[in-house]
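If you read the protein sequences in the order shown, they are chains C and X. Sequential numbering of the first sequence, starting at 1, is according to UniProt numbering. Sequential numbering of the second sequence, starting at 1, is according to UniProt numbering.
Just so you know, the hints here were simulated from the structure itself, not pulled from any lab data. Please read all numbers here as calculations on a predicted model, not as lab measurements. Be aware that a few hints might be false.
Copies of the same chain are indistinguishable here, so a pair counts whether it falls within one copy or spans any two.
Said to hold, decoys possible - Below 30 Å or equal to it, Euclidean Cα-Cα: the simulated DSS-like pairs (lysine-lysine) are: (1) Lys163 / Lys32; (2) Lys494 / Lys118; (3) Lys222 / Lys248; (4) Lys380 / Lys359; (5) Lys274 / Lys512; (6) Lys274 / Lys32; (7) Lys512 / Lys32; (8) Lys86 / Lys398; (9) Lys89 / Lys398; (10) Lys343 / Lys238; (11) Lys512 / Lys87; (12) Lys421 / Lys302; (13) Lys238 / Lys32; (14) Lys302 / Lys238; (15) Lys335 / Lys32; (16) Lys457 / Lys190; (17) Lys359 / Lys114; (18) Lys163 / Lys252; (19) Lys343 / Lys248; (20) Lys89 / Lys359; (21) Lys494 / Lys454; (22) Lys335 / Lys323; (23) Lys457 / Lys398.
Protein chains: 2
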Amino acid sequence: MDERESSESPIQGKKSKSKTARKPKETVLKQKSPAEFFAENKNIAGFDNPGKSLYTTVRELVENALDSAESISKLPVVEVTIEEIKKSKFNSMIGLVDRERVDAALYDDYETEKAREKRLAKEARTQEIQAKNATLGKKVKETPASKGIKGRGEASFYRVTCKDNGKGMPHDDIPNMFGRVLSGTKYGLKQTRGKFGLGAKMALIWSKMSTGLPIEISSSMKNQSYITFCRLDIDIHKNIPHVHLHEKRENKEFWHGAEIQVVIEGNWTTYRSKILHYMRQMAVITPYAQFQFKFVSDAPDKNVTVRFARRTDVMPPIPLETKHHPSSVDLLLIKRLITETSKQNLLQFLQHEFVNISKPHAERLIGEMGPDFSSKMAVKSLTSQQVVRIHQLFRQAKFDDPSGHCLSPAGEYNLRLGIIKELNPDMVATYSGSAQVFEGHPFIVEAGVSIGGKDVKQGLNIFRFANRIPLLFEQGADVVTRTALKRINWSNYKINQIQDKIGVFVSIVSTKIPFKGTGKEYIGDDITEIASAVKVRSF
Amino acid sequence: MDERESSESPIQGKKSKSKTARKPKETVLKQKSPAEFFAENKNIAGFDNPGKSLYTTVRELVENALDSAESISKLPVVEVTIEEIKKSKFNSMIGLVDRERVDAALYDDYETEKAREKRLAKEARTQEIQAKNATLGKKVKETPASKGIKGRGEASFYRVTCKDNGKGMPHDDIPNMFGRVLSGTKYGLKQTRGKFGLGAKMALIWSKMSTGLPIEISSSMKNQSYITFCRLDIDIHKNIPHVHLHEKRENKEFWHGAEIQVVIEGNWTTYRSKILHYMRQMAVITPYAQFQFKFVSDAPDKNVTVRFARRTDVMPPIPLETKHHPSSVDLLLIKRLITETSKQNLLQFLQHEFVNISKPHAERLIGEMGPDFSSKMAVKSLTSQQVVRIHQLFRQAKFDDPSGHCLSPAGEYNLRLGIIKELNPDMVATYSGSAQVFEGHPFIVEAGVSIGGKDVKQGLNIFRFANRIPLLFEQGADVVTRTALKRINWSNYKINQIQDKIGVFVSIVSTKIPFKGTGKEYIGDDITEIASAVKVRSF
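Only chain C is shown next, with the shape it has when bound in the complex (with noise of 0.2 Å):
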């Protein structure tokens, strides 16, 4: 390719000035809080429109639910409630006077009678056309189908309610947990349900956006004579809680838990099916818990009430905390633990803040890493160029993989009695792995196949689940997915994969599930070899 001289003057498109567009002025920084930035893209935590957004609330509340039942031990109870609010009570609860329209011409859906004349002459006259085109034989254009309403249209708005009995919150701590965006508790290594430790406090952004109204929290911690009771929302600006009211109220049947309320705009109507799919699938991995869900509204005939009744009393345990793996951190995360580690010298360090690394072993790696490193060398006196070097070594060192004892799989007896609960298939069989590791992760695959099943769809089903909570949208698993479909020649046990009604389930846990990108393949094959496995035994 040739080089040209660049021009030094370019020939500007053309370029209409409108009253409205400005020329850009200076550039000025601005710093954007952390609760800003969530607001601004809400879609990365699931809140792209108002119908996902009302299906993420339902989930981000339920996983937290469950998460601080188990914290305790207790057999999880939760209660999910949609109510769907019409706009004159949502005007009232506002302190909205509820208006009729004036002046009618100002709204979208208005039409004049002469526009409507209008409109049905011309869509005659199509019609003609296009009648006339066939008894012609020509090509019938496609009319472009109506765009319909360009805006969002009319909002619909529900109060979610969900209730449990955890292990509640303390009392001081409550407006920083909702209405401080980055703050939380789940920052260790450990696998959990919660992805950005956002949560409820996205739901919280979302009402604000989308209502302005405030979230509403009840709590009650174990043998504590009191309930909290916390109105708040956040400000979004501050990235800080902004209270209404918090006091302790009076606790006389000593219940324990949680109880949050949140009004935000939803779409029922769109996501309905993924909500109940998402409860039902919810109650497949987590048959230890008793789930009650409900929608209400006006009209009797859209309401809903769903429950799914404990099956079992063996509960998983919960997972455990962990140190990293060697081979999985990287220089941020050492530097990290190097500022927040308790202990002195460089041996205690490697002992005490990395798993699988011995006594002997961290002689070992501190004997290799150079004259200038010594056992008994103060940890945070190490220079960068050090921890780049301990780096390099946890690189190419040889460890053993980490243990799954940290990890909490849904377990085979449960995934059995889930699928049997739900599906009431002919024939179920279950597979669990061993603990694999990718990236210095743990990680176990339990897999679940069924056959029939009176309201199972024909072909496969596949039901996916990561860290123990439905996946129903995310793109890894679709690869998931395809890669058991193809790789599984079913017609070898004698399965139809079009004609029978096959069950697939795939949970996956891990302290960083492998999902995305490279570790997408790895799990694959497992998904293979377990598979395969799990058609050996049931046939």
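With the hints as your guide, set chain X onto chain C.
Just chain X, lined up with the frame of chain C:
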């Protein structure tokens, strides 16, 4: 489904207590900085793994460079260099002494003589058994493929440099522009290439995680007599820049622009083709820019130099900052606009802070809001309820669609030119749609179709652009692709979808790219119409 009483005391699953697993501590609330958040969730920003991180680093630097040149109406000249840095050179850069292995058995790839013999013997036995089974007609049991090294293995390092002839940066601003996450200039409503405003900051965070080496910036603004040189890294915990060096140097040639240099872990082997593909597509969509791309290493046969010459001096107008459309705003945004406006009363606020609200229209809207509203009322005294009322009316009232005047599409001429330049096809047809609107944001779709071309693969080759940057990975675009492919009957135009070499180019510009979520379907409709129009024109 029946309801059963919840059992108070669950039966715990078996839990082996290993030495390394610990009981959860008392939960403590920790505050995390935005920089820490993005370090821990770097995959959101495209830094899933080292290879992807190399790709994304190149992308971000190139896009900043283009934005910078265009902002001062300069035909861009962008030079990118990726220099592979071997481990020994890297160590000396860090200040580490290069060491030979001493304790060989420490290493992951170490195999004792004994282990080697054992492995070879086992492989021999397996082959024997398989041969025997084959003769007996038994099914051959597949030996699981070797999983390979579980860790990350040996790291590869690269110095990535990007030089442009753009605007440069004010001397004093540079540390904050690179070393502080969530500060930026791209926060008005404008068509922008950048996504989160993270850009080079993520590259800096990644370099801190993978190499610990600082970023180096040289910059000069037009008619500045000096060149700023700044070396800095970021204090992740405090989210502030940590400046190593910040000085003014001679600028004899009156250069203006910026040169950014960062040393990161990457993977050229796995992402080479994606990076080159990206550069090539950039050249298609930006034919008024001159690009040079170089990969430099010790192995001459690995080295790559590609030059994309400028083919036109016609540069599209720069995107203009615009006000929001009433149908696109949420409560938070309205409140922010109220806080930031310089206008005193409600009438002026409505007229000037939104597009497509004329003075008479604003007066009618205020009338419709209710008796507690008036044109003269102080806008900053509006109550929360009143803001909700405005929001409701905005949702329901009719407004003219936002114009596309603030947008800057590639331009049919340039799109055509770019396609011809890169693909050398036999036939090209292009089409530029008029501005449409989605959720209150204007967007323009341009499309091109090419047939033939020496180096083009057979079948459909899809090229997607959002705000004039190539999309190689975005899922949303896959939907666009699928929609475009399935809904166009290529044979109607005598094109063989499998055999012919077809290039399909779709470029969308918007103040908010409606790729994800419900916007996808909508774009799907447009693509079909446009592609059909393209077909009709070219055959």
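Verification of the supplied hints:
1. Lys163 / Lys32: The answer is between: 28 Å across copies meets 30 Å, while 34 Å in one copy does not.
2. Lys494 / Lys118: neither (62 Å within a copy, 39 Å between copies)
3. Lys222 / Lys248: within (15 Å within a copy, 63 Å between copies)
4. Lys380 / Lys359: Answer is within; shortest intra-copy Cα gap is 19 Å, inter-copy 66 Å.
5. Lys274 / Lys512: Answer is both; intra-copy 25 Å and inter-copy 26 Å each pass.
6. Lys274 / Lys32: Intra 34 Å, inter 33 Å, cutoff 30 Å: neither.
7. Lys512 / Lys32: both (29 Å within a copy, 19 Å between copies)
8. Lys86 / Lys398: between (63 Å within a copy, 22 Å between copies)
9. Lys89 / Lys398: Answer is between; shortest inter-copy Cα gap is 24 Å, intra-copy 65 Å.
10. Lys343 / Lys238: between (36 Å within a copy, 24 Å between copies)
11. Lys512 / Lys87: between (43 Å within a copy, 29 Å between copies)
12. Lys421 / Lys302: within (25 Å within a copy, 58 Å between copies)
13. Lys238 / Lys32: Both: 9 Å inside a copy, 15 Å across copies.
14. Lys302 / Lys238: This pair counts as neither: shortest intra-copy Cα distance 41 Å, inter-copy 51 Å.
15. Lys335 / Lys32: both (27 Å within a copy, 16 Å between copies)
16. Lys457 / Lys190: Cα proximity of Lys457 and Lys190: none, with 36 Å in one copy and 47 Å across.
17. Lys359 / Lys114: between (89 Å within a copy, 26 Å between copies)
18. Lys163 / Lys252: Cα proximity of Lys163 and Lys252: one copy only (17 Å, versus 70 Å across).
19. Lys343 / Lys248: The answer is neither: 41 Å in one copy and 44 Å across copies each exceed 30 Å.
20. Lys89 / Lys359: neither (67 Å within a copy, 32 Å between copies)
21. Lys494 / Lys454: within (20 Å within a copy, 48 Å between copies)
22. Lys335 / Lys323: within (14 Å within a copy, 45 Å between copies)
23. Lys457 / Lys398: Close neither inside one copy (48 Å) nor across copies (44 Å); limit 30 Å.
Against the hints set out earlier in the document, violations occur for numbers 2, 6, 14, 16, 19, 20, 23.
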